[in-house]
Amino acid sequence: MKILHVITLAELGGAQSVVINLARESVNDGHEVMVASSEDGELWKVLPSGVAQWKISPLQRSISLSKEHKVVNELRRVYRIFKPDVVHLHSSKIGILGRLAFPRKKIVYTVHGFDSIRVAFRKFLHLERLLQTRAKHIVGVSKYDYQNLLGEGIKKNVSYIYNGITDYSASIPENQSESYRRLAETIRSKNGFKVMCIARISPQKKFELFCEVAGLLEAHNIHFFWIGNKDEITGLPANAYCLGEAEDAHRLLKYADVFMLPSNYEGMPMSILEALCYAVPVIASDVGGVGEVLNGLNGKAVANTAREFADQILHYANNPAELAKAKNEARKSYEEYFTVGAMYRMYLSLYKSIA
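Under full-length UniProt numbering, the first residue of the sequence shown is numbered 1, with each subsequent residue one higher.
Simulated from the structure, these hints should not be mistaken for lab results.
Where hints are given, some of them may not hold.
Label-pair ranges, simulated between beta-carbon atoms [as the list claims (entries may be wrong)]:
(1) M346 x K254: 26 to 34 Å
(2) G153 x A355: 39 to 47 Å
(3) G341 x N73: 22 to 30 Å
(4) R182 x S159: 41 to 49 Å
Just so it is clear, CB atoms sit at the ideal spot from N, CA and C, and this is done for glycine as well.
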């Protein structure tokens, strides 16, 4: 089978990790795979060696009608040359352009967090409704997304498949970078309970809430680490640290007691799946598909208030036995629901229905 994955941006993120994992599993399974995306980004460096690459120079996050016309033409060119049996579209922008460029009967379109359209960019919702028949399968990454797709009138060939991630805890890189060693030492040097968040600072992520929670718990020997900020952050509570960007930041999770993700909206956040993989309980905003992942045993989905987050963090910090149980449940839930193998088998079934 020849499978073409297309995603808007080649920068690394949750949707890109799904592309990487599906591409790797497909190649290992004997299929021919190509990935097409924007020209610049770290994605190109980490794709499996057996995956063909196609860089689309006009493709970018911002919208320009003249450039979008060029992108559609380039997508059609990719299709003519590669001749895929299946075209898998990832993310909302390429979901629109790809459905204009490729044959309907070949398309699987994964919506990586429907609230990014339904809530954040609702003006594009009418395009999703108009183009819903231009895909063989439309896939949400959570029951929450699936139900909202139906609720917004997008009902044609809709289903959901949970994201899956590599079992990072099973492999330790031989050569750790200097930046990794520096960050790890900073985290280890703080004695006490450790709360970690790995995310970019953006309107979607509630960094101000992270700081407010840290401030509430400043007197409790609880330290808060944010990994993923590009710029230096000042004015933090004394127990909060912004450590910047880090390659393979998820490997720092082994130093965390709890993972925290404050957010305005989510689909199925890869970062909380990574935490579960490392047996780290999660406390996260009860938005999107988060409540489907956190069952009260492996962590908890809470309201977007500092008090709710602080109370749950204190519960774990003050109850070592409860924390130990939650760690076991975190790993158990990863193994049961969120492995790459489970995700790949579900998508392969869709691919076979097309090919």
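Here is what the structure says about each hint:
| no. | hint | in the structure |
| --- | --- | --- |
| 1 | M346 x K254: 26 to 34 Å | holds (29 Å) |
| 2 | G153 x A355: 39 to 47 Å | violated (29 Å) |
| 3 | G341 x N73: 22 to 30 Å | violated (37 Å) |
| 4 | R182 x S159: 41 to 49 Å | holds (44 Å) |
Checked against the numbered hints above, the structure breaks hints 2 and 3 and satisfies the rest.
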